[in-house]
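Trainee: As given, the protein sequences belong to chains W and P, one line each in that order.
Using this note's numbering, the letters of the first sequence map in sequence onto residues 1 to 507.
Using this note's numbering, the letters of the second sequence map in sequence onto residues 1 to 311.
No wet-lab data here; the hints were simulated from the structure.
Please read these numbers as outputs of a predicted model, since none were measured by experiment.
Using N, Cα and C, we set each Cβ at its ideal position, and we do this for glycine too.
Each hint can be trusted.
Now the stretches of chain W that chain P is said to cover, found in silico as 3 or more residues with beta-carbon under 8 Å:
hint, segment
1, 144-158
2, 313-327
3, 337-344
4, 478-485
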Amino acid sequence: MRHDDDAVVSRVARRLTRRRFVALLGVTAALPLAAACGQQASTPAPKPDAKPAEAAKPAATAAPAAPAAQAQPTVAKPAEAAKPAEAAKPVEAAKPAAQAPAAPVSGTMIFWMYKTRLDPFDKYRTERIQAWGKQSNVAVEIVEIGTSDYGKRIPAAIESKTMPDVLEAGDDWTQLLQPRGLIADLSAVYQQIDKDQKFAPGAKAVSTWPDGKQYIIPIGTSANLLIARDDVLKEAGLTPPPKTWTELFDHSAMAQKPPRIYGLGQALSNTSDGNLWVEVLQSYGVRFADDQGKKATFGNFPKEAAEVIQLVANGYAEKKVFPPGVLTWDQTGDNDAFQSGRTIFAFNPLSIPAWIRDNKPDMLPGVGTYLKPAGPKMHVQPVGAVAMSVKADSPFRDKANELITFLYDREYFKDYWPKSQWGPTTEAHYDNPAFSQSWLKVRVELAKTGKPAAWPDVQNQAWAEMNTAFVIPRMLQAVVSDNKKPEEVFQTAAEEIDKIYKKYEKA
Amino acid sequence: MATYSHGVSAPIGRRPAARSRRPFLQREGVLGWLLLSPVLLVMLVLVVWPFSTAIWMSFTDKSIGREANWVGLANFSQVLSSPRFGRAIQNSLVFTVVAIFLKFVLGMAMALVLNKAFFGRNFLRAYLLVPWVLPGFVAYMIWRWFLDPLQGVLNYALTDIGLITLPLEFLSSPASAMPSVILAHVWRSFPFFGVAFLAGLQNIPAEQYEAAAVDGANGWQKFLFITIPGLRHVILVVLMLATIWTFNAFEPVYLLTGGGPADSTLVYTVLAYEMGIVNMRLGEASAVPVMILPLLGMFIVALSGLMNRDE
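Given the sequences, and given the hints that come with them, work out the whole structure.
Mentor: Right under this line is the structure:
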């Protein structure tokens with residue numbers, strides 16, 4: 001028996017030479033790599049015969065194109081579209097694609113849907129998208145993305161080249177996606193909707209890129225607004241809303257009854273909510289950078305910054321208007337505190353009153369919603385939007401444009417706004433009964449008067465990093481929790497901001 | 001002499017010819033490599049490649065969605081000049097040392113208790129494993145709600161029994177934030193120490209304790225001269241693994257405090273996350289763990305040396 005086994009091994013071994021062994025290892029190594037490469041294409045590439053614009057793009061034939069590039073015929077060199085001027089390239093290349101007869105596209109269109117806290121609203125939108133898919137014979141996979149997941153999902157999708165065909169996200173993501181040539185020019189779709197319904201000034205401001213083109217189509221305007229317990233304020237003999245930031249702190253102190261109810265439910269933590277203090281500083285006259293957004297200028301405003309630092313420090317230590325925990329609140333801290341009736345003021349999109357409407361309707365009449373208070377120098381009320389964008393090299397580009405147009409239906413929006421937590425995007429929506437309720441009127445006001453994010457500063461990568469690094473919330477934390485001197489923390493923050501802007505100065 | 005010499009030299013002289021004639025697969029070394037190749041391949045793809053990519057990235061200006069350009073040591077100087085990096089290293093060390101010490105003490109106590117025979121021992125063994133079994137996210141969210149000053153159970157309880165009038169800010173006061181994070185982390189992780197030590201205890205022969213008892217040794221002496229030496233290998237392995245895990249812990253800090261207030265709980269993993277994922281500067285973010293690497297490397301080499309010395 002042993003002899004037989006040896007003979008078999010010997011036969012196998014004779015067949016397996018060193019060269020064959022190395023080749024076998026090579027094949028084994030190639031298998032997982034091939035599998036990994038296969039997984040990268042989560043959205044199916046079109047079949048060779050499904051390249052709608054390839055023939056209509058003569059320039060592409062002149063350049064030696066890789067197979068992957070051939071599968072993305074409507075985009076000219078996405079990586080080079082870093083400057084706004086270069087961003088014109090995708091549009092020029094897109095024209096023939098739009099004119100070419102629509103070719104059948106197989107596979108599934110991936111749609112990342114912005115998940116709100118309002119389930120009926122999300123369901124309504126999902127059904128509408130699915131209805132379009134059915135009508136247009138396009139398989140659509142809707143993936144709901146929670147607000148706090150975007151920061152992880154989008155960078156990962158960019159690096160793994162698995163961006164969805166249609167992306168619903170905050171307009172601020174355009175800052176990342178457009179300069180990298182990752183999203184398509186939607187100017188034609190925008191113009192078409194604008195002609196029919198006329199975009200609201202706020203929506204237009206957030207959708208229009210410095211090159212005059214639109215790469216996103218807003219589906220709702222939004223911003224952190226002042227949400228107030230009018231009933232509690234009136235009980236204390238105060239008239240809402242507070243007009244200035246100083247008044248806000250005063251009202252908070254006068255109306256609060258700790259530990260049952262605290263005045264100002266505003267985060268001082270490392271969350272995007274904590275960056276409200278950036279706007280407060282601007283309203284006191286602080287400018288973070290020069291007009292081009294290149295050189296940091298924060299260090300030139302010690303007097304103005306000191307006023308704000310003092311205001312917050314006094315509010316924290318003396319007036320004690322902040323509820324305990326604000327230094328480490330996460331994104332939902334202010335929601336939870338206000339909704340549970342533990343704070344008088346909060347700054348939030350209207351998801352708070354929307355939640356109250358659905359869960360504590362008795363509380364709603366006592367809740368007021370207002371634009372933010374003003375500072376001594378100016379009133380800073382940014383407007384943002386949740387918006388749709390289309391992947392630049394999506395095989396579903398034309399279909400995605402159709403979907404956007406389909407979603408911008410007047411009839412659909414009639415039921416959309418009453419369910420929504422967002423404000424109008426076009427003038428045609430102003431009269432929707434949804435905005436006639438007292439707590440929703442502010443949405444129209446916001447859409448009409450809101451300024452683009454960062455205003456009066458410039459929104460760019462340096463601005464974004466200053467915010468995501470939470471320089472200003474950390475500056476305030478150092479004063480209120482570490483008892484550091486205002487001048488000292490101001491100096492540290494100024495150096496940090498300077499360093500951030502210097503990193504991007506050459507870009 | 002000649003015969004001896006001939007007898008010895010002949011096989012040596014024949015060896016190369018014999019090796020070349022042997023079938024490829026029958027060579028022990030080749031078969032060994034063949035059997036090892038799947039593991040080596042997995043290590044190459046899942047360990048060596050990401051690891052070397054991270055090191056390479058730390059020398060580039062790689063950011064999300066952009067090509068990487070070589071920038072030499074610029075990222076390292078950028079990170080080193082940031083006061084937050086120093087703070088993060090300091091906090092990581094404090095977090096690791098204190099947490100490991102507490103986990104060791106509690107784990108040892110758990111193992112010693114559960115090594116005794118008593119009613120309900122099996123239930124208690126399973127019960128004490130619950131924190132370890134819970135997903136980290138769930139465990140730390142429970143602690144977050146437990147310690148919350150506005151709606152947390154602990155503050156409610158303390159207020160109800162009249163011990164406090166205003167809520168305590170466990171997670172948002174610089175003085176108590178780090179101890180609170182360590183407490184939550186220790187609660188979740190000490191069962192691993194307990195289970196590992198318990199397994200080690202059960203391998204110590206009972207005769208050693210009996211002999212010590214005959215010699216008049218008390219409990220402390222038995223623990224010091226039998227239990228600890230008997231557990232030496234387990235302790236070294238557990239300490240090595242736990243130190244690496246604790247030093248690299250991200251969840252407890254990120255979920256409980258996000259590194260705040262005022263960076264008082266900022267550890268290096270959260271700093272790297274902020275730089276890499278939040279600010280999308282992957283090159284700069286990679287420089288942070290790359291700088292930590294020698295520190296962890298030295299620690300591993302030292303502990304491995306101790307283990308090898310025993311062998």
